[in-house]
Amino acid sequence: MITQHVAGRRRPPGRWRAALTGWAFVFPAVALFAVMGVYTIGSGLALSFAKWNGFTPNWIWVGFDNYLDLLYADPSLAPPLRKAAWNTGQVMVLVPLLTVAISLPLAVVLNSVKRLRAVLRSVYFLPYVTSGIAVYYAWRYILEPDGAINLLLRSLGLGTLAQPQGFLGNPSTALPTLIVVLVWSSVPIATLLYLTGLQTIDPALFEAARIDGAAPRQLLRRITWPLLTPLTAGIVLLGIRDSLHGFQIFLIMTDGGPGGHTDVLGLQSYRLAFFKGLAATLGVSSALGWLLFAGALLLTLANARLLRRVR
Amino acid sequence: MRAGRIAGYAVLTAYAVISVYPFLWMVSGAVKTREEVLEGGHLIPRLPTWETLVTTWNQLHFVEYFRNSLVVTGLTVLGVLVVYSLASYAFAVLDFPGRRALFWFFVSLLFVPGITMLLPVVILEKNLGILGSHLGLVLPFVNGTAPLTVLLLTGAYRSIPKELREAARADGAREARIFWSVYLPLARPAHITIAVLTAVPTWNEYVLTRVSINDPSLYTLPLGLQSLISSQVPRYNEVMAASLIIVLPVIALFLFLQRYFVNGLLGAIKG
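If you read the protein sequences in the order shown, they are chains G and A. When we follow the working numbering, the leftmost residue of the first sequence carries the number 799, and every step to the right adds one. When we follow the working numbering, the leftmost residue of the second sequence carries the number 10, and every step to the right adds one.
I should point out that these hints are in silico values taken from the structure, not numbers from a laboratory. The reader is advised that the hints may include incorrect statements.
Claimed, not checked - Taking lysine-lysine and the BS3-like style, the derived pairs with C-alpha atoms no more than 25 Å apart in a straight line are:
(1) Lys135(A) with Lys849(G)
(2) Lys1074(G) with Lys171(A)
(3) Lys1074(G) with Lys912(G)
Stated by the list, open to error - To give a feel for the contact side, a few chain G residues facing chain A, derived at Cβ under 8 Å:
(4) Leu830
(5) Tyr837
(6) Leu918
(7) Tyr922
(8) Trp1023
(9) Ile1050
To be verified - Anything over 10 Å on all C-beta distances counts as not near chain G; from chain A, calculated:
(10) Arg43
(11) Pro54
(12) Thr64
(13) Gln68
(14) Glu73
(15) Arg76
(16) Val80
(17) Leu84
(18) Pro106
(19) Gly141
(20) Asn152
(21) Arg167
(22) Lys171
(23) Arg197
(24) Asn223
(25) Leu275
We put the CB at the ideal spot given by N, CA and C, even for glycine.
My request is simple: use the sequences and hints to build the entire structure.
Structure below.
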C-alpha cells in the first residue's frame, strides 16, 4: 500500500523528534482533559471543603466538616446516607455476582450449540442496546399493579407472589426488583465477553483432558473457569464501578422511593447538588462524590488482590 | 447427550424470552388504544393501531428531538474516535517520555464517578458560556469515555504485528501515514466496538442532559420522553410509543454493525 520509496529522505529521527511525534498524537486527548478534567477535578475537590449554594459569590471554607457531616456529625444527612450506603452495598455485591452466575453458564451453553447461535447472541444483546430511560419505562409499565408481571404470575398459579401495590410500590420488593433489572441489563455484555473468551481457548486443551478421562464438570472447573478468570475480574470490576457510580435507573424507576428504600449514594449526591434550592449543599454533594471515588478505588484494589490470590 | 442438548436449548430459549420480554410489552403498549392500555390485559392487542405512534411522533416534536439526539450522539462518537485513536496509537507503538504515566493516568480516571464530575462540569460550563448547548454535552461525554476507550484501543493497536509498522517505515512512510493507512483499517472492528459502546449510553443519557439543557428546542429524545410523564398518571401507550421510537434506531445500528462489534470485542480480549 505504501509506495513512497524515497531512499534519500530516510533519516533516523532523533529522540526529540520521536518525543515530539508522540506528544502530537496524545495532544488532543490531553488538551480535552485539560479543559474538561483538570479544572473540574480540582474545583470539585476544593468544593468538597467548602459550603456554597451555587449563587453567592464566595465559598465558605469549612475544612473536613462536609466529610464529617456525611459520616456522622449531621443528623439530617448521616442517617439517610447510611441507609443509602447499605442499599448501594447490596447492589454492588449482588449485581456483579448474579451477572457472573447467569452469564457464564449461558455463554458456556451457547458456545456448545451450533444452530441458532448467532440469532440467540443478538437476542441476548438486546437489553444492552435498549438499556436506558426507554426500557426502564417499559419495566415500570410491566411492574405496575395491573402490569404484565403480576398478570403472568397469576396466570401461572403463582398469584401469591404477585404484588398488588406493584413491585416498585412495595418497600420490601422495590430494591430486589431494581437489582433484577440491573442484572438483566448487565448480562448481555458479560455474556458476550465470556462467549468471545471461550472462543479464544484452544480446543486441544479440552481434547487432551477428555482423553485423560475428565468429566464435563471437571473441564469447566479445571480449564474454563481458570482461563476466564481475568475476564471475570474485569466483569466484576466494571459491575462494582457501575453499581457505585450509576444511579440513572434509580432516578427514573423509583427516585429512591418508596420511603427511601431504593435510595443510593449517587442519587443522594445528585439531589444535594441540584435539587436543594438555596441551601448550601454543593460542598456536601462534592464530598459525597469523593467518598464514592475512594470507595471505588479501595474495592478495586481489594478485588484485584483477591483474584490474584485465587489464581 | 441428546437430553443434555435439549436441556441446553431449553435454557437458551428461556433466557431469550427474558431478554425480550419488556421489549415485547413496549411494542404491544405502543400499538394499543388508550382504553386498552389502561386495562392491563393481553400482550397481543385486540385493536392494534398506529395512531399512538403517529400522534406521539408529531405532537412531541420528535423530529426535532430525534435530530438533536443524532447530532449529540454523532459528534460524541466522532470525537471519541478521533481523539482517542490518536492517543491510543501513541500509547501502543510510539516511544516518548511520559508515555506509561500518561496511559495509566487516563485508565485510572475509570474510578472517578460521573456524579463527582457532574457538578463541577456544570459550574465550568456556566463560566465558559457553553452550558445548555449541544457542545456542552459533547465535550464531557467524549472526555468521560477516555478510560475504557484508551484501554480497548491501545490493546487493539498492540495486537497488530509490529513488522507491518517496520515495513512501512522502511518504505519511508511517516508516522501519520502509518497510522492512517495501516493501523486504522486493520483495527476497524475495534473502532466499531468503541462506536457502539459510546453511542448506546450517549443516545440514552439523561442525567447531565437534564440538568444542563433548558431550551426545549435543544431537547434530546430522553428529555422528550421525560416531558411526556409530567405530573399525572403516565399514559403508558404514549410512553411506550416514545420509548419504541428511541430504542429502534439503536437496535437497527447494532444489527447492522454486530458482526464487526463481536470481532472487535474478540480482538480486545486477545490483545
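The hints, checked one at a time:
1. Lys135(A) with Lys849(G): With a Cα-Cα distance of about 19 Å, the restraint between Lys135(A) and Lys849(G) holds, given a limit of 25 Å.
2. Lys1074(G) with Lys171(A): violated, 56 Å
3. Lys1074(G) with Lys912(G): Violated. Lys1074(G) to Lys912(G) sits at ~56 Å, over the 25 Å cutoff.
4. Leu830: holds, 5 Å
5. Tyr837: holds, 6 Å
6. Leu918: Where the cut-off is 8 Å and the nearest Cβ of chain A is about 6 Å from Leu918(G), the hint holds.
7. Tyr922: This interface hint holds because 5 Å falls under the 8 Å limit.
8. Trp1023: Hint violated; Trp1023(G) Cβ to chain A Cβ min 16 Å, cut 8 Å.
9. Ile1050: With Cβ-Cβ at 7 Å, under 8 Å, it holds.
10. Arg43: holds, 14 Å
11. Pro54: For Pro54(A), whose nearest Cβ neighbour in chain G is about 13 Å away, the distance exceeds 10 Å, so it holds.
12. Thr64: Non-interface label on Thr64(A) holds, nearest chain G Cβ at 18 Å vs cutoff 10 Å.
13. Gln68: Since the minimum Cβ distance to chain G is about 18 Å, Gln68(A) lies beyond 10 Å and the statement holds.
14. Glu73: About 18 Å separates Glu73(A) from the closest Cβ of chain G, which puts it past 10 Å; holds.
15. Arg76: For Arg76(A), whose nearest Cβ neighbour in chain G is about 18 Å away, the distance exceeds 10 Å, so it holds.
16. Val80: Since the minimum Cβ distance to chain G is about 18 Å, Val80(A) lies beyond 10 Å and the statement holds.
17. Leu84: Non-interface label stands for Leu84(A): nearest chain G Cβ at 13 Å, farther than 10 Å.
18. Pro106: violated, 6 Å
19. Gly141: Gly141(A) clear of chain G: closest Cβ-Cβ about 14 Å, beyond 10 Å.
20. Asn152: violated, 4 Å
21. Arg167: holds, 15 Å
22. Lys171: Its Cβ never comes within 10 Å of chain G, the nearest being 15 Å, so this holds.
23. Arg197: holds, 15 Å
24. Asn223: Holds, since 13 Å exceeds 10 Å.
25. Leu275: For Leu275(A), whose nearest Cβ neighbour in chain G is about 4 Å away, the distance does not exceed 10 Å, so it is violated.
In this structure, the earlier hints numbered 2, 3, 8, 18, 20 and 25 are contradicted, and the remaining ones agree with it.
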